[in-house]
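Student: Take the two lone chains, each set in its own frame, and fit them into one complex as the hints suggest.
So the sequences go chain by chain: A and B.
Taking our numbering, I'd label the letters of the first sequence as residues 1 to 323.
Taking our numbering, I'd label the letters of the second sequence as residues 324 to 1009.
Hints are not guaranteed to be accurate.
Computed from the model, here is a short list of chain B residues facing chain A with C-beta under 7 Å [stated by the list, open to error]:
#1 G459
#2 A474
#3 G493
#4 Y849
Some chain A residues well away from chain B (every beta-carbon gap over 12 Å; in silico) [to be verified]:
#5 L16
#6 R70
#7 F86
#8 F105
#9 R134
#10 S151
#11 V209
#12 R240
#13 V252
#14 A270
#15 R289
Far from chain B, some chain A residues (derived; all Cβ distances over 10 Å) [what the hints assert, rightly or not]:
#16 N48
#17 W156
#18 L291
#19 S297
Source of the hints: derived by calculation from the structure; they are not laboratory data.
In this text, all values refer to a predicted model and were calculated from it rather than measured experimentally.
Note that CB positions come from ideal geometry on N, CA and C, so glycine has one too.
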Amino acid sequence: MKPRLKQRWARLRAWLRPPRTLKVTRIGRTYLVVTFGVGLGALNTGNNLLYLLLGLLLSMVVVSGVLSERCIRDISVRRVGTDAAFAGEPFAFRWAVSRKQGHAFALTFSEADSPLTGGGGVGYLPANVEHVVRANLIAPRRGPLRLTGVSVTTTWPLGLFAKTRVLPLEGLLLIYPKRTYACQEPGDAERGPVGDSGNPRRNDGSGDVTGLRELAEGEDARRIHWLKSASTGKLLRVEREREERRTWVLTVEAGLADEALERRCEEVAALAHRLLDEGHEVGLNTSDRRLRSGAGSAQEKRILRALAWLGFEGAREEEEEAA
Amino acid sequence: MTKGARLRLVLRDVASGCAFASMAVSGQLPLWTLGLYGVALVAALAGKRLFARRAKLTALLLLGVAAVLAVNVTSGALNLVVAACAFAGLISAHRLLSAPDAATDGQVHLSGLLMVAGGAALSGELVYGLFLVAFGVLASVAMALGVVEAAVPEGEPVPVRAVLRPLATGVTFAVAGAMAFFILFPRLNWNMTGPRAAPGLGPATTGFSNTVRLGGAGTIKDNPRIVLRATLSPDPGVDALNSYWVGRTYDIFDGLEWTNAGGVRREREPLLTLRPGGDNLIHQRVELLPAYGGRTLIALETPSRLGNAVANGSTGSRRTFLQELAGGEARFLEAGLSYAYEAYSLPPGGSGDTFRRLPSVEQDALLALPEALDPRVSQTAARVLNGEREPLAAAQKLAAWLQREHAYTLELSGEREDPLADFLFERKAGHCEHFATALTLMLRTQGIRARLATGFFGGERVNEGYILRAGDAHAWTHVLVPERGFVTVDATPPAHRTSQGSRLLQRLLGLYEALESRWRNSVVDYSFRDQVDVARALVRPPKGSENTERSRLPPPRAWGAALLAGMVVYAAWRLVTRLAGRPRPHEATRFVDLVEAILLPARLFRAEGETLEDLDARLAREGHPLAPALAPVTRRYLEARFGGRPLRQGEAEQLIRALQRAVTAHVRLEAQRARAAASEPRARAS
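Looking at chain B on its own, in the form it has when it is part of the complex (with noise of 0.2 Å):
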């Protein structure tokens, strides 16, 4: 196999798997065909082509594939969509392992395109792009690669370095058609199915649960995946958001876990009010992600209203409906991938709860202790604030010490019969779950209502939004403050509220999430609403760009206009200088055509690589009736071309005029001499 060949082989099956992988990344196709497709994958790219002796034997193979397959559909277990992606898969893992031939490469190709074509309806991931990009460029020069092999003669060397440098230029063209077409072909449809989500790769990391067990290690703190993004009105504009986003709240803690009191408050509504709201509502667009995992609805605190709730799936999104639980909760009524919703908080300062208006079972968790709490938590809580009544000095007061004299660690093992008293009394050390309980459980003892909150805290400012990370999830304490409501107190250093996770990741999974915000913002979500916006801004100025202090300079779209004019011209330069530039034929060389032309109606032609000069000698030795009107052009014309004496100002009309009556009178006679031929008796056998 020569060097070229096996080039081309590389770059098929690295093409075939950028097309897989654009379909991987969704995350929903089966494990067991991620395993195949990569043995077959790594197996091709080593040169092993296993099924090249018997490829009609190892169809059936994929037979079996397939009955797997239909089975998984049939039973529900896969979406038929997925499982046709997976097989597709299949069929190039199966070409990718055959004899590589002319038709298995076209096969391999064509494998792909459909698997980049799934891929497009499981994912709208920013990889996906990424892996179609590389499949087109890929793919291309793998099959140009193919088409100059093949008419290249046995034993020579396929040029590759010139086939890449015509065909990067038309794959960069074909890109930047592909996105002219991509922007500028009319969405004819309204994007009825809505947006689709994949769960994409790796478990779901947060969510909430029905209880909060002390002990164990915090390794959530240490995630740096994304699990919400939102955006808020009015825009903070700040970097760090750094506020509570509530998921719910825990009020009974019986020495090991938090749990509450109550249960369902509304079964199905589609929109939750859960506490009267004011003019200065904080609004919020929520998008809760894959890696989220729960079906517990977070808001910033203090949630006032919730809904316009939508379920998104891999099919699509439908509305959903809400349901309010004890501790605040608020959770869709329909499981999906992920979701989106609107809120509605009041500023920080308090939730406006009042105690009288709290269900009864409430008030009195609001004060519950644990039977067997350590009496040294109260003592130390009685020490610590020393008479301070007041709610919120004495948290904030309990808040401070904990902070002092206790540290923040995520390296909590083992299982602890009091992990309370131990925070406090023996390790001294712990998570924010760990602070939140000593910090409520303390101002219980001292008798002031508070109760447990979890959720996140953070915010990380993304182009217009802000995200949330599954190291952010947190947990802190509301303590019940008279005519403000339940008012937060963090006991949690403020160092460690915040995701624990390498700074690099972090960073590195920001700007991913950056590029992924504008991918979504201009592929994914992009409609004919951007298309009219689009078509708008190129004839008048963006909206807003009237207040913004006007510019000397002349509008981008100028620029660009004057870019485009520029463009024009320079081709219309290049053609006419082409056109000028184009070697213009010898003055004799016109002569000679026109003596040509002239002599086609006597039948005299050239006979190919015959001159001038040939001719007329061949006339002459053949006695023909023109070879004396011939010969003082052809003498003129040598004289002209190559004898340095040009045809004077109207030499060549006379020569020319002096022929053509020549011919004119010989096509005459012979005419003539042609009817008086077909006029004359013919002899008759008698």
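One chain only, chain A, in its complex shape (with noise of 0.2 Å):
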């Protein structure tokens, strides 16, 4: 299914969805069950105590569905998002929830109508503050997922039912690749080595002597300049300038799909995030841009970024139009 029409769909169902749906626990069958019988015993035997008790049981029916309503009523969610989420990992998630009057008890919040699963929960909400929920989430899929709403759920009062109701809350998240080990090497670098006097590595190389200092415990001993260690009477460490820096640009191939593209997206992504770790700049060769060569977390960033949005490009293109 397109994008589009997946995004019309979603908002018919959202359209036509009830505004609150109720879900009976496995206590709340059971108790149903028992309210069941004792009505079933009241019309049978005539017992007056029977009938009191049944009327009990139903009004607490009535009483918890009102008291749940007052849970979730005026109940306003703003997301506050999450920082990386890759695919196949949980990752934090949050909600920032507040309400304007009354007190909540007991609320869950998830995602609604989206593949990801997980949820976080307050215990008590008191009116007028806002309380950030924290929650561990899992996406089964890279790409950017559309998300149409968070659906509020309580149990309160009694546990008996779960009552659901969802805000509509438009948003976009975007899954990274799932992190995987790279099992093919990046192959030849386009440049490279050169010296790199920004990398804090750059005196653990194998290039010119840059100077001595004094042997941290833990080190490698065949770095000790003996002959200097001997005469200062302590072990010296000789330094020497890195050269190793190189340039890689990684590419996904064009014409890959489904199961074959992902798996791209994840060893380029597993390529990238090694070889930015030791130092070395990565760009990005996709069938529909080029990311220029860089270094660093940011760089990472943005080819995570652009690695979730391959096969996705219609979805960018309306992204971007309406940024």
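Tutor: This is the structure in structure tokens:
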């Protein structure tokens, strides 16, 4: 299904959805069975005490409905979001919730109509206080995920029913490729090796000698300059310039689809992470765009974003248009 | 464990205890189940979860208990319903001792629910109602705390106070709703099983035996338990009835105990006529309670007809036949926990019996004396009577002498060889049986026919009827007076004829009985007829109110209707003020909304957080064809919203129309371009 159709379908479902959904919990099911039994007993025997008990049980059901409705009414939710969401592993997601009046109890939040699993909860929400709810969500697949609303569920007051309300809230969550191990080598570097004065590990290479310093605990003993050490009476190590920085441009080949594309994206993400972690520069070449090579965590994020959008170019254009 | 969790567990355990107590008040549960549950509850409240580590293994204990109960049921020692209730209680006890988690909590509450349902089947006591409400409240609070506790992150306190407030309101509404349901839900059956009875707590205390033995302490006089309820017609309307309620009479005394001459007179009758009645009979609707413990019918002296008897058991009620025995005793043929029947009695003044119509054995027995009677009895009687021969006057003279010369006491220790002589000449103190025996035998020594009667004396007003306590058990003398029959003469001092128990205890029990009576009338015996009465009372004045003096104030239902109307008006007013008090959107904001709607066909959307000014700037930057049309609109909006220059009358419409025209033209142009692009021939590779 095309993204636009998917979006319309999601909107239609949201429009058709009843304002509240009710699910009977396990204990609630037994409660209803007992209530039914008491009702049958009352009708069958005419025992007035059973009628009284039946009245109490039914009233508790009604009161439960009213109290839970009061609980999830007047709630407003704002997505705080997440720093990074990788497919197939839990990521921290946050919502800021508040209510104008009254108290709310035992609220559970999750993303409505989305493949994200997991949710967060808050036990007590007083009025006029913004509370940040944290949840560990898991996204099954890479790619942009359109969020239509936040569902708020409560089992207050007796835990017999779980009442859910969906608060419409449009949003987009970009899921990065799954973090895996890179099985393939990145291939030949485009440039390098070149010196890198900005690299914190620049003095740990195999180039020219840059100086001597005292050997720290746990450092490689093969770096000890024995002559100088003997003359000074303490262990000194040689520091040499590192000249290993290279530049790679990783490629996601055109024509890949489905699992092959997923696998390639994961591979490229893993390679990019490894290379950037080693201090190299990495660029990305895909069928429709080219990312200039760069280093550091910002570059990794750019690569991950580009990989996340791969295969969803239509949606990206829409998003960019809307932006 | 947090403070909130501890509180929740205590509430849960106490709620379960209340549910069990709602069954236990029926007095039908086996004692060993009471013991087991009690130990489990105490251990649970002390925080000792003995089965926490071996929940599955200890569940085998339940199997053993189930087997024992099953054996009891199959052997007929235990009712199936009682066995089921006992088993539910023991399941709950097992769960109380298990590790507290969400599943265990749910099982404890649900077993509690089963127990209160079982309690409803076993008992109709007022205490049941109290335990039901207590269970409902405590279990609801415990469940609510459990729900909140599960959602509160670990380490954070459970907001107990915040939970209690809305919950208290909810539970109050639930109880009110339960009452409304109870009153209004139509009773679709006619309660064919009839009223049920439970033995209650404590053994039965009174009842009648075939003999009355003198001696021993009169412990029963201290017992304040209620054994009989009766409504009289015509209603005397007095608080203390002070009447004699006879059970049976005795006519043969052997020096130690009283017995009867003769045996069964009528075997099986639905209606017993003991003696002919008249037009002024007193009708009694009598209920003998489980504390009574006998099968002898009680009626106001002197009973004429007895019948319409029903025996109530734990499973329902059934009609029972009556049996007439010597001594004017009427008995129920079938045993029950409690009984209900109707009786008609002659007004006070005499039984109307004539000597000749009495059976010959009774005629002889009315003057019979024990062989070893102390001669001082006869001498004393003769001395006191001083030649008085008229039976009633002689009896009253002797009764006055006995009351004057002898003291009333319940502390009679030791067995006496001749209890009568001991009472009259040695100890000079005794209880009602001693006084009645002395009077009867002293009369007989003087040739006056008399017999001993036993039953109750008193009658305490409770609501519309009267009650008798176990301590009201009494003995007195029947003197045969020509043309009047047997006339009651009581030698016991008047102050000691009724119950001699603690006044405070009696008052408390009286208060409880009043509440119980209302509970019974309003809840246990509530029927379709009562519902019709409720409905009728809502639409027309209650019966009998036409005769009462008309008040200038409106009737209560008018006050009720006015109150209801007032509440509706208040609710409507609250709704209207809330709607009126809503923050209205600024006029300029509505203007922006309109602009946004107009821009939609041109596929121009504001991004999240983007203002109209930002949108205008973006369009200008991009050289969008609609930017010139939007610019004046944006400028005027900003002036109106923030610059203190509100839109003039009709200005908004002008701006909107201009923008609308520009957008329509733009959309049309775009469509033409799209069509032109579509109709252009495409290059084809050859």
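Student: Hint by hint, note whether the structure agrees.
Tutor: Tested hints:
For B/G459, the interface hint holds, the least distance from its beta-carbon to any beta-carbon of chain A being 6 Å, beneath 7 Å. A least Cβ separation of about 4 Å between B/A474 and chain A falls short of the 7 Å threshold, and the interface hint therefore holds. Interface hint status for B/G493: upheld, as the beta-carbon distance to the closest one in chain A is roughly 4 Å, under 7 Å. Hint status for B/Y849 relative to chain A: holds, with the closest Cβ pair at about 5 Å, below 7 Å.
For A/L16, the non-interface assignment is confirmed: its Cβ lies about 23 Å from the closest Cβ of chain B, beyond the 12 Å cut-off. Its beta-carbon lying about 7 Å from the closest one in chain B, A/R70 breaks the requirement of being farther than 12 Å from that chain. For A/F86, the requirement that its beta carbon stay farther than 12 Å from each beta carbon of chain B is met, with the minimum near 24 Å. Chain B draws A/F105 into its interface by the beta-carbon criterion, the shortest separation being 5 Å against a cut-off of 12 Å.
Under the 12 Å C-beta cut-off, the non-interface status given to A/R134 relative to chain B is violated; the minimum distance is some 9 Å. Residue placement check: A/S151 keeps its beta carbon more than 12 Å from all beta carbons of chain B (closest about 15 Å). With a cut of 12 Å on Cβ distances, A/V209 stays outside the contact zone with chain B, its closest approach being about 55 Å. With a closest Cβ-Cβ approach of about 51 Å to chain B, A/R240 is found to remain outside the 12 Å limit, as its non-interface label requires.
Remark: the non-interface label on A/V252 is consistent with the geometry, its nearest Cβ contact in chain B lying 28 Å away (cut-off 12 Å). The Cβ of A/A270 sits about 33 Å from the closest Cβ of chain B, beyond the 12 Å cut-off, so the non-interface label holds. Look at A/R289: its CB is around 21 Å from the nearest CB on chain B, clear of 12 Å, so calling it non-interface holds up. Once the 10 Å rule is applied to beta carbons, A/N48 is inconsistent with being away from chain B; the minimum gap is 5 Å.
Non-interface status of A/W156 relative to chain B is broken: a Cβ of that chain comes within 10 Å, the nearest being about 6 Å off. No beta-carbon of chain B comes within 10 Å of the beta-carbon of A/L291; the shortest separation is about 24 Å. With a least beta-carbon separation of about 26 Å from chain B, A/S297 lies farther than 10 Å from that chain, consistent with its non-interface assignment.
When held up to the earlier numbered hints, the structure conflicts with 6, 8, 9, 16 and 17 and fits the remainder.
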